[in-house]
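Trainee: Chain residues, written in single-letter form:
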Amino acid sequence: MAKKLPSKYLKAGVAIVGAGPAGLTAAIALAQAGLETALVAKRAPEIDNRTTALLAGSVTALETLGVWQHCSALAAPLRVMRIIDDTVRLLRAPEVSFTASDINLNAFGYNIENRHLVAALEHRAAELPSLARIEDTARTVEIGETKAGVTLLDGTIIEAPLVIGADGRKSLCRAAAGIDTEGWRYPQTALTLTLRHSRPHRDISTEFHTESGPFTLVPLPGLRSSLVCVVDHMNAERLSALDDATLAHEIERRAHSILGKFVIEPGRGIFPLAVETAKRFGENRVALIGEAAHVIPPIGAQGLNLGLRDAATISELAIAAHRSGHDIGEPDLLTRYDTLRRIDITSRTFAVDLLNRTLLSGFLPFQGARGFGLYLMERIAPLRRVIMREGVAPTTQPRLMRGEAL
Amino acid sequence: MPIRSKISDRTVDYAEVDQFARLGAQWWNPSGPMAPLHKLNPVRVGYIRDQAAARYKRDVKKLDSLAGLRILDIGCGGGILCEPLARLGASMVGADPSEANIEVAKSHAVLSELTIDYRATTAETLAEAGERFDIVLAMEVVEHVADVGLFVRRCGEMVKPGGQMIAATINRTLKSFALAIVGAEYVLRWLPRGTHQWNKFVTPDELEAAMTDAGLCIVDERGVIYNFFADRWQLSDDMDVNYMLTAERAG
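First to last, the sequence lines map onto chains A and B. Heads up, the first sequence is in my numbering, so the first residue is 1 and it goes up one at a time. Heads up, the second sequence is in my numbering, so the first residue is 1001 and it goes up one at a time.
If you are wondering where the hints come from, they were derived from the structure by calculation, not from laboratory data. Take the hints with a grain of salt, since some may be wrong.
Cβ-Cβ distance ranges computed for the label pairs, FRET-style [what the hints assert, rightly or not]:
#: 1; chain 1: A; residue 1: ARG169; chain 2: B; residue 2: TYR1186; range: 48 to 58 Å
#: 2; chain 1: B; residue 1: GLU1128; chain 2: A; residue 2: LYS279; range: 27 to 37 Å
#: 3; chain 1: B; residue 1: ARG1189; chain 2: A; residue 2: THR339; range: 16 to 26 Å
#: 4; chain 1: B; residue 1: ALA1067; chain 2: A; residue 2: THR137; range: 30 to 40 Å
#: 5; chain 1: A; residue 1: ASP353; chain 2: B; residue 2: LEU1235; range: 34 to 44 Å
#: 6; chain 1: B; residue 1: ASP1231; chain 2: A; residue 2: GLU135; range: 38 to 48 Å
Computed footprint of chain A on chain B; a stretch qualifies when at least three of its residues, placed anywhere within it, have a C-beta under 8 Å from a C-beta of chain A [claimed, not checked]:
#: 7; stretch: 1059 to 1065
#: 8; stretch: 1068 to 1076
#: 9; stretch: 1235 to 1247
No residue lacks a Cβ here, since even glycine has one placed at the ideal position from N, Cα and C.
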C-alpha cells in the first residue's frame, strides 16, 4: 500500500451516483436501514418544471421512508383518469374513464412537481446520520474485483462494494460497468409545461389521443395542471417557438377548452421521444436505476414510478444481503436484481410503445384494435379494474411499495 | 506433502485434505468447482446468524448482529463462510489443515478488507492450546474427518460455557447417495468426483450422540433442501440429505 492517498478518501457501504428522485430514494432506503451510504451529485437546478404522477405504490414507499409528509401538501390527487379519442379516423374509441374508487383507492396517485419531490427527498436525506450527501460531480468510476471507486471532480475517491448508477440517460456508471443499451427513437417530441387555468380540473387527468401522440393534462394543486403534449418534431419546433399567449391559445384549442383559459408558467421542456434500455441492469459492481437503466416516453406515468421500484428493489436486495454478511456487490445479487426488474421494465416499455404506435399508425386494424381494447375496458368493469390495478401497482412489488420497512 | 509430516493428529484424513487443496484459487470462483458451496452459503449464514441471535439476544436487522462474538470455523477452506460472518461483526478464527487453503483465505480477506485470524491447524491443536469460543462451527466438515466422535469432542471442548456448536453435514441415506454422490458429482457435475465418500456420511443420530458425549445439548436441528425452481437452498424439515444441528454447552 505504498500508493499515495489523495486529499480525501472515503469508504462507504454503498455509493450512489445521481441525486434525482430514484437516487435519493435508494439512498434514503439504504441509509435508513443502517448502511453507510454516500450519495454523490450536485443539487438539481430549480428550473426543472417537470412533474411526476406518483402512483399508489410509489406514494406508499415514500410514506414508509418518511418523505411523503414533507411534500404531500404540494401534490394533487388523481381520482379519475379519462381517455378521449381525439383522432379524426374512421374507427374511434369511446371515451373511457377510470375511477380510483372502483378499485377501492382514494386516488390512483398524486401529481407533484419534481422540484418539490426532490426537495422533500433531500430534506429526509439530511435527517439520516448514515447518509453522506456529497455535492460534487463524479468524474470517473472504476471497477475492481472486490469494490468500485468513484472519483469526484475535487479528487475525492469514494470506495464501496456496490455502486448504484442513478446518473441518468448518459450514465457514467453504466459506461464504467461496460453495459450497452438498446432502443429506438420515435418521430415525436414531448413538449412539457405547467399551466394555470380558469376552470377546475376536479382531480381528473385527461388524455387526448391524437394522431401525433397523446396530449395529457394532469392536475396540480389549485387551478394548475401539467401538460405533456406529444407531437411530431416539426410541430414541436413550431410550438416551442410560439410566445406564451399564442401557445396558450393553441393548447386551449387542443384541450377543447375543458379547463377554460390557459396561462403558461415560465419554463418549457422539450424531450425527443425514445426508448433506451440497458442490456443488463446490474453487472460489475454496478446496479443501474432510473433512467440509467431505462428511458421510456412520458406516456402513462410509468418512467419515474419504475425508477422508484428500481430503487426499492436494489435497496431490499442489498440490505438483505448485508444482514447475511454478504458482499452486496457480488455478481449473484446483481443477477437477481436484473431478473427482478426485467419483466416490470420491459412490459411497461412495451405497453407504452404499443399505445404510442397504435396512435401513430394509420393502419386500420391497429386503430380498430386500440379502439376495441378501449371499448372492452369501457364496457367490462372487471377488466378495467385489472388494468387499473396493474397500472397502479404491479402484482409483485418490492417491500417498500407494500409499506414494509426494510 | 509437507503438511503430512508437520502435523500429527488423529482427526484429519489427508486424502481428503489433498482433494480440497487441489481446488486452490478456485475456492472463490462462484461459478467454479465450489459453486454449490457458494449457493449453499446464504442459508448457512442465515442459520448461524439466527441461532446466534436467539442465544445472544441480538437483533438480526442490525447490520453488525454478531458484533463481539468469537467464532471458530473448523475446516474453513478458502474462507467462504468466515468472510460473511466477519462482515456481521464476529471476531473470526478460521482453521483448516491445508496450508494452501489458508493462503487462499488470507489473500482473499486482504482483498475484502476483512480482519480474520486464519490458521493452518486442526481442531485438536486449537483445543490443546486452550482456545475458547462463543460459537464453534463445523460446517460441511464432519463428513470429511477421520473420527467423528473424537472430532466433535475436541470441538466441544472449545465451546465456552453457554456457548454453541453448530454443525452442518450430509446424512447417510439412500437418498443422499442418489443426490449427493450420483446427482451432484456424476450427473449434474456440481462437485468434482470424489468430493464425498458416502460411507463417511454421518446420520443425525450419530452426530447427536457425538455431541451429547462431548457434553453438549442439542437445541435445534434442521434439514436443508435444494429448491430446483428457485435455484436456491432453503431450510426444511427434511433431514434425509443435508442437515444442520445446533448444540449448547450449559452455562
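Trainee: Taking the hints in turn, state whether each one holds.
Mentor: Right, here's what the structure says about each hint:
1. As the Cβ distance of A/ARG169 to B/TYR1186 is approximately 50 Å, the hint placing it in 48 to 58 Å holds.
2. For the pair B/GLU1128 and A/LYS279, the supplied restraint of 27 to 37 Å is violated, since their beta-carbon distance comes to about 57 Å.
3. B/ARG1189 and A/THR339 have their C-beta atoms about 24 Å apart, which keeps the hinted 16 to 26 Å range intact.
4. As the Cβ distance of B/ALA1067 to A/THR137 is approximately 36 Å, the hint placing it in 30 to 40 Å holds.
5. Separated by about 43 Å at the C-beta atoms, A/ASP353 and B/LEU1235 satisfy the suggested range of 34 to 44 Å.
6. Here the CB-CB span from B/ASP1231 to A/GLU135 is close to 42 Å, well matched to the stated 38 to 48 Å.
7. Chain A is given as covering the stretch 1059 to 1065 of chain B, and this holds because 5 residues of the stretch bring a CB closer than 8 Å to a CB of that chain, at least three being needed.
8. For the stretch 1068 to 1076 of chain B, the proposed coverage by chain A is not satisfied: 0 residues have a C-beta within less than 8 Å of a C-beta in that chain, short of the threshold of three.
9. Counting residues of the stretch 1235 to 1247 of chain B whose CB lies closer than 8 Å to any CB of chain A gives 0, so the stated coverage by that chain is violated, three being the minimum.
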